[in-house]
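Fit chain B to the supplied structure of chain A, relying on the hints for placement.
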Amino acid sequence: MTNKTETIAAKAEYDALLADAAPHSPLYQSWKRLTRNRLAFGGLILVCAFIIVALFAPALAPMNPNAQIYEYEIKPPLFQGNVILKKSDASEGDPFKAIPIRSYVQQGDTLFITDFEGRAEKIPTSELFGTKESDWRKTPIYLMGTDKYGRDVFSRIIYGARVSLAVGAIATSISLLIGITLGAVAGYFRGKVDAVVMWAMNVVWSFPELLLVIAISVALGRGFWQVFLAVGLASWVDTARIVRGQFFSLREREFVEATKALGFSAGRTIFKHILPNALGPVTVVATAGFATAIIAEASLSFLGFGVQPPTASWGSMLRDGYAYIVSGNGWWLTVFPGLAIMLAVLAINLLGDGLRDAFDTRLKS
Amino acid sequence: MAKDLRNAPDLLVVKNLQTWFPIRKGFFSKIVGYVKAVDDVSFTIKKGETLGLVGESGCGKTTTGRSILRLIEPTGGSVIFDGKDVTKLPKDDLRKLRKDMQIIFQDPFSSLNPRLTIGQMLREVLEVHEIAKGDEAQKQVGDLLEIVGLRKQYYNRYPHEFSGGQRQRIGIARALAVKPKFIVCDEPVSALDVSIQSQIINLLMDLQQEFGLTYLFISHSLSVVEHISDRVAVMYLGKIAEIADYKDLYENPKHPYTEALLSAAPEPDPKKKKQRIILTGDIPSPAKVPTGCYFHPRCPKVQESCKTTVPKLAGIEGNPTHEVSCILYPTSMPKPSAVQAA
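These protein sequences, in sequence, are chains A and B. Going left to right, the first sequence walks through residues 1 to 365 as my numbering numbers them. Going left to right, the second sequence walks through residues 1 to 342 as my numbering numbers them.
Keep in mind that a hint or two might mislead.
Derived SDA-like pairs (lysine to any residue); straight-line CA-CA distance at most 25 Å [claimed, not checked]:
id : chain 1 : residue 1 : chain 2 : residue 2
1  : A       : 138       : A       : 125
2  : A       : 260       : B       : 18
3  : A       : 260       : B       : 77
4  : A       : 260       : B       : 70
5  : A       : 272       : B       : 114
6  : A       : 260       : B       : 126
7  : B       : 88        : A       : 267
8  : B       : 91        : B       : 76
9  : A       : 87        : A       : 55
10 : A       : 260       : B       : 76
11 : A       : 260       : B       : 160
12 : A       : 192       : B       : 28
13 : B       : 99        : A       : 250
14 : B       : 99        : A       : 253
15 : B       : 91        : A       : 251
16 : B       : 96        : A       : 252
17 : B       : 91        : A       : 185
In short, the hints are calculated from the structure, not lab data.
This is chain A alone, in the form it adopts within the complex (with noise of 0.2 Å):
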């Protein structure tokens, strides 16, 4: 009787202590420093807010980011256009058509307007897009104004921040896989190993960033995917050099010891012992490329090595902006992307200051 339950009591008393373990967690612990630090959480906010942008641009952008309009070519901010929607045969794109006009009105089955240039015209009511008035006739406002091709520079914004974080996310991923693996194995095994790895390092380093981007997205041909290599095959040095450095200090560190000790395999203390305590200034690291990935991809798309019209992207836009800037009319083109830019950016590089902080054990309150 007792025996029984003795062995209850044992058991409800592991399962309970199994229970508490996560608030004492050294990852918990991080993210609670992360969260008290208002500016860190600001920049988490706003990167939480870029992302959702970009994956939900398209129910975002009240337009198709590339469908244009000449007759509304350079309208500033919070113009209102005055369309009709005709049917559209294009398999691509919009089912419809939009027509500017300055006024209109219906007679029967037939619609006599009045288009953009004063110009009287007849469309028949079966021409047109959808059966109600409110289903063919818009009067969109464009909130950032309109291109030189009269296309919605809101909208653009929005689908270009799938490029620039795509971009982010995909040349981080591959200069995280390449400069964590190189790094490990060069701090880890030393020696010979390290010396290779600090050659390729060295040699990568000694091009100037942008250039090897370009060079490297020439030689893959041009593209939406070939950014996002070329920027990651440029940037992993950064990553490598960081894991290298750590895994040089971790490996003296007597735990890393006590797994040689207690035969370990190289795998096991790599992976398992000397990563995941090396992982704070990684994403640090990371965070850093992230914003600077963004940065690569506008200067490409800037300087035309980028991903290709008429995809929209924030330095793409740019490009296409920036000789309104001497003329003085159309600011709003260089403007809002620039802006889109550094808010990003700087989201991004204030996460990265928080979570420098909050991996940091010497501040530990």
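What follows is chain B alone, placed relative to chain A:
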């Protein structure tokens, strides 16, 4: 010590162990010399025995312990453990041998992985060595924690939630997890408060009795070593200066260096006046060792021949287990052919 070890078999025989680190200089990393961290060290530890290894910082005692376990590769000599030469074992066999030889580290704040709970950490050891799996492993971890005087409730805690003494107990539990025969205790108490030191030492002694463990106990404090050791070895500049039964060594030290160390130990009785031997100068760099007897520049009993004659470690007359390396004792004089010209 009430242990009777006269008939115990030898568990560890260290012969002429040598660990030299090359000093590289210049563009081509040419080797210009060696740091002789461990230089021709020999001793034997019997099963169930504790050998205390003392010396100043930098004398090579930690390197000796690490070299025996091949955490640092020795450059020469042999380490016979349980009949096998550890220094010649291939990697796979060495991995198996890790179960028999363990180490307890000095710094309890650096010896535990901060990202693993102690339960995860101990369990990993059991699972890697296929000692236990699943629920059984969890139960054994609980038992281990209790053996070292911790509550098994600590299973899910992280190292930073423990005090130094508790962490050291966890380190001991990790070493015990593989059920070793021999443990190198590398200054296991020097980072702890004095009150905690005695707790840990008592724990180590209890564990020795319970599991029949053999220790190499490394410390820079003679008083710590006195309490736990059956025999004590004093190291100076990578060599053993004196090795003897703890009683012989403490009551009747032979080597001038041992005498100086003992006279420097604090005396609990304030009224008792004692002669302190103050050593002058610093311990020389092991990269540039003195000629003759390594200790001669600091030795209060130095003689002219000390500068040229290299003494050898040998048992003194009347007590062969009390070995000294000093030419004041005739047995330490090298054979005439071995006398070096400086």
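Each hint tested on the structure:
1. Among the hinted pairs, residue 138 of chain A with residue 125 of chain A is consistent with the structure: their alpha-carbon atoms are about 15 Å apart, no more than 25 Å.
2. For the hint linking residue 260 of chain A to residue 18 of chain B, the alpha-carbon distance of about 21 Å falls within 25 Å, and the restraint holds.
3. For the proposed pair residue 260 of chain A and residue 77 of chain B, the alpha carbon gap of about 22 Å is at most 25 Å, so the pair holds.
4. A distance of roughly 9 Å separates the Cα atoms of residue 260 of chain A and residue 70 of chain B; the hinted pair therefore holds under the 25 Å criterion.
5. Our distance criterion of 25 Å between C-alpha atoms is met by residue 272 of chain A and residue 114 of chain B, whose separation comes to about 12 Å.
6. Between residue 260 of chain A and residue 126 of chain B the alpha-carbon distance is near 15 Å, which keeps this suggested pair within the 25 Å criterion.
7. Of the pairs offered as hints, the one joining residue 88 of chain B and residue 267 of chain A holds, with about 24 Å between alpha carbons and a cut-off of 25 Å not exceeded.
8. A hinted pair counts as satisfied when its Cα atoms are at most 25 Å apart, and residue 91 of chain B with residue 76 of chain B qualifies at roughly 18 Å.
9. Distance restraint check for residue 87 of chain A and residue 55 of chain A: the Cα-Cα separation of roughly 29 Å exceeds the 25 Å cut-off, and the hinted pair is therefore not satisfied.
10. For the proposed pair residue 260 of chain A and residue 76 of chain B, the alpha carbon gap of about 21 Å is at most 25 Å, so the pair holds.
11. Taken as a hint, the residue 260 of chain A and residue 160 of chain B pair is honoured in the structure, with Cα atoms around 22 Å apart against an allowance of 25 Å.
12. Taken as a hint, the residue 192 of chain A and residue 28 of chain B pair is honoured in the structure, with Cα atoms around 14 Å apart against an allowance of 25 Å.
13. Note on residue 99 of chain B and residue 250 of chain A: the hinted pairing holds, with a Cα-Cα distance of about 24 Å set against a maximum of 25 Å.
14. This hinted pair checks out: residue 99 of chain B and residue 253 of chain A have alpha carbons roughly 21 Å apart, not beyond 25 Å.
15. Distance hint between residue 91 of chain B and residue 251 of chain A is fulfilled; the C-alpha atoms sit about 19 Å from each other, no more than 25 Å.
16. Note on residue 96 of chain B and residue 252 of chain A: the hinted pairing holds, with a Cα-Cα distance of about 23 Å set against a maximum of 25 Å.
17. For the suggested pair residue 91 of chain B and residue 185 of chain A, the alpha carbons sit about 19 Å apart, so the restraint of at most 25 Å is met.
Comparing the model with each numbered hint stated earlier shows that hint 9 is the single one that does not hold.
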